[in-house]
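The lines below spell out each chain.
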Amino acid sequence: MSDGTKEATTPQLRQDDPRDRVASPPAPGKEEIEKEKKGAAAQRVVDPDYLILEAPRKKEFITGSEAAKESIRRANVDIAIAYPITPQSETMQQVGYLYAEGYIKDYYRGEEEIGVMSAIAGASRSGVRCLTATAGPGLMRGLEAIVSWPGARLPSVLLVMCRVVNTPLAIQPDNVEISYLLNAGGIVLHGENQQDFYDFPLVAFMVSEKPEVTLPAAVAVDGFFVTHARGWVSMPAEDIKLPPRDCYHEAVPMMDNENPPIRIARDAPIQKSNFISYQMHASWQQEIWSAQERAKKWLDRWLGGLIEIVNPTAKTMIVASGAAVSQGREAVRQAGEQGLDVGLIKVKSLRPFPGKELDEALDHADKIVVPEFNYVGWLSKEIKANIKRTDRVVGGPRVYGGMTMPTELILETIKDSNER
Amino acid sequence: MAQVKESSYAVVPGPEGILPPAATIMGVPLPEEGEGLVEGKIVNEAEALEKAAIALLTRKNATLFPGPLVLWGWNDHTNDKAKYFFDVAHELPGIRIIPMPDYRPIYPKIDPEAVINPCHPNLTIWHNKIEACVFIGVHCHYANITLRMVRAGTNCYTIALCAEAGHEDAMCSVPNFDIEKLVRFRDAIIKVKKNGIKPLYEGKGIVPTGWAQISRLSGGNIEKPEDESVGAGVTAAFAHELETGLDETAE
Numbered sequence: 011m012s013d014g015t016k017e018a019t020t021p022q023l024r025q026d027d028p029r030d031r032v033a034s035p036p037a038p039g040k041e042e043i044e045k046e047k048k049g050a051a052a053q054r055v056v057d058p059d060y061l062i063l064e065a066p067r068k069k070e071f072i073t074g075s076e077a078a079k080e081s082i083r084r085a086n087v088d089i090a091i092a093y094p095i096t097p098q099s100e101t102m103q104q105v106g107y108l109y110a111e112g113y114i115k116d117y118y119r120g121e122e123e124i125g126v127m128s129a130i131a132g133a134s135r136s137g138v139r140c141l142t143a144t145a146g147p148g149l150m151r152g153l154e155a156i157v158s159w160p161g162a163r164l165p166s167v168l169l170v171m172c173r174v175v176n177t178p179l180a181i182q183p184d185n186v187e188i189s190y191l192l193n194a195g196g197i198v199l200h201g202e203n204q205q206d207f208y209d210f211p212l213v214a215f216m217v218s219e220k221p222e223v224t225l226p227a228a229v230a231v232d233g234f235f236v237t238h239a240r241g242w243v244s245m246p247a248e249d250i251k252l253p254p255r256d257c258y259h260e261a262v263p264m265m266d267n268e269n270p271p272i273r274i275a276r277d278a279p280i281q282k283s284n285f286i287s288y289q290m291h292a293s294w295q296q297e298i299w300s301a302q303e304r305a306k307k308w309l310d311r312w313l314g315g316l317i318e319i320v321n322p323t324a325k326t327m328i329v330a331s332g333a334a335v336s337q338g339r340e341a342v343r344q345a346g347e348q349g350l351d352v353g354l355i356k357v358k359s360l361r362p363f364p365g366k367e368l369d370e371a372l373d374h375a376d377k378i379v380v381p382e383f384n385y386v387g388w389l390s391k392e393i394k395a396n397i398k399r400t401d402r403v404v405g406g407p408r409v410y411g412g413m414t415m416p417t418e419l420i421l422e423t424i425k426d427s428n429e430r
Numbered sequence: 010m011a012q013v014k015e016s017s018y019a020v021v022p023g024p025e026g027i028l029p030p031a032a033t034i035m036g037v038p039l040p041e042e043g044e045g046l047v048e049g050k051i052v053n054e055a056e057a058l059e060k061a062a063i064a065l066l067t068r069k070n071a072t073l074f075p076g077p078l079v080l081w082g083w084n085d086h087t088n089d090k091a092k093y094f095f096d097v098a099h100e101l102p103g104i105r106i107i108p109m110p111d112y113r114p115i116y117p118k119i120d121p122e123a124v125i126n127p128c129h130p131n132l133t134i135w136h137n138k139i140e141a142c143v144f145i146g147v148h149c150h151y152a153n154i155t156l157r158m159v160r161a162g163t164n165c166y167t168i169a170l171c172a173e174a175g176h177e178d179a180m181c182s183v184p185n186f187d188i189e190k191l192v193r194f195r196d197a198i199i200k201v202k203k204n205g206i207k208p209l210y211e212g213k214g215i216v217p218t219g220w221a222q223i224s225r226l227s228g229g230n231i232e233k234p235e236d237e238s239v240g241a242g243v244t245a246a247f248a249h250e251l252e253t254g255l256d257e258t259a260e
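In order, the protein sequence lines correspond to chains D and F.
Position in the first sequence counted from 1, then plus 10, gives you this note's numbering.
Position in the second sequence counted from 1, then plus 9, gives you this note's numbering.
No wet-lab data here; the hints were simulated from the structure.
Glycine is no exception: its CB is placed at the ideal position from the N, C-alpha and C atoms.
Keep in mind that the hints are not guaranteed to be accurate.
[Stated by the list, open to error] Okay, derived cross-link-like pairs now, EDC-like style, lysine to aspartate or glutamate, Cα gap no bigger than 16 Å in a straight line:
id	chain 1	residue 1	chain 2	residue 2
1	D	398	D	367
2	D	377	D	303
3	D	307	F	41
4	D	307	F	42
5	F	200	F	56
6	F	200	F	89
[Claimed, not checked] Computed footprint of chain F on chain D, listed as stretches where at least three residues anywhere in the stretch have a Cβ under 8 Å from a Cβ of chain F:
id	stretch
7	220-234
8	289-295
Go ahead and model the full structure; you've got the sequences and the hints to work with.
Below is the structure:
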């Protein structure tokens, strides 16, 4: 004590000690318990088709981070682990509220991204539904562990809120980091807006855990434009959720110490090349990309197609993913006002890439304009690698380092390409 | 968008070469419930079961490869499934059973009469000259990498009876293969025999393979061959080296 006197050793009851008023209320009946259930306890599991496609929805005007939170609320997630980084921090803070409210069983901040992504690997091996999120340099740091997930066949969802990764340091929007994910082997979806940031994670969880897929899935959005801005998001009631992960019906056995023989669990020696044939490793890699191909069926079903087409017969087509789609939509509208016939294709899934679908949808087009929020033009390269007559592709406009993309820039590119 | 139901790529017995493409990437789809996949084409389930039955009855040294999901008694379901698995085996004269008990690499070498391993499944198929086989109860990832390697290097007709979605790289595959389908498979074998398919081998019963099965069936008097045991001598030498290795506390 501050005055140096010795503290009384006999505990003194407060005058208003609540223990004086202890009285057992009558035990509630079963019906009353059901009626009293709120929040997480009141949620019921529904068929994924119902939650994703059929359940009645209401619109709310919320940020992308809030939309992701509402998605995770309904995703029956077991564990969420992340390390904060702008612009991801706010989303995972929102997810933290869900933990406090009982919607997520476990939640913690890892020590940094390698630790986080490794912890997700461990959690997924144990058979639970896992969520993590990162952005820009955080993704780069976690990449060593992330690229090990597909080969280990670890279902999980990674939210990526894209930002600048390169020096000079900046926290502004730029989605070059997606190009690093494209060759990792996992599923990669790219959301356009707040609505997609609600819808895509739910689909990602379900596809990721399909036995014939059994792969991690990343849901990327363009940071700030989506995460921090508000938009209308249409969602079903919060008292329904996805079925839990059924880890005993996946492509590989779980690490389950309760169920012998533990010998069938995957273990370290399998990763030592001197213990296995090179042919096995080759076949293993083929299997990862085959699993991606099998994901198409489920993405088709729950995303309504890997691509969305606006004005499909136009001779000039914009092809975009992420926030560039929104700019593309407005450019199509403005082009119409100016008497130009322009269409748009939104690419929802980057892995698996809808190469065949794009080739068919673009077969009639004379010009293909690909606006992107990065310097390297990874989407433009992907399109060129998958369609016929690649000289039709105009790789641009591109903005990066935090620049916005005025629709005038897209219209100028269209006009310039038509004059060429 | 409708799923592609046809591919021009044929999944047939090899050897296809050192690294054939994955059938999925070549456009071979997975069958839906009620369907089967035969050599890259979707057919109805009954047709697929009959094709599998004919291959097992007429090709040389047909072998069943039960994986951990049938081999080990995880739960009542796997125990039941194993029972019906034997009903199928008893309808195939001269059939062999070689298990895939787990997926870890077997070091320094496998006993190809006793096990098949996904790290080098071709060794078991080559050694036993197997020309038709069934994978059942193998986790899909390991079944797929195995099926491609078998197609690459052997002339074996592969049949994958899968509890999940099926396997594109098998010559014949039926999805959601539960106990009811095992019964239907047994009935299909009986039916094709009744319809005139003459089994390559006569009589009934399972041909024991590997020292463990032979030993069990002959009353347990056959010892494991020394050259096939995973070297006790090697282990002792390794342990000795460790004991006398670098002493980091020595001054």
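ask   = Okay, which hints does this one fail, numbers in order?
value = Checked against the structure, the hints that fail are numbers 2, 6, while the rest are satisfied.
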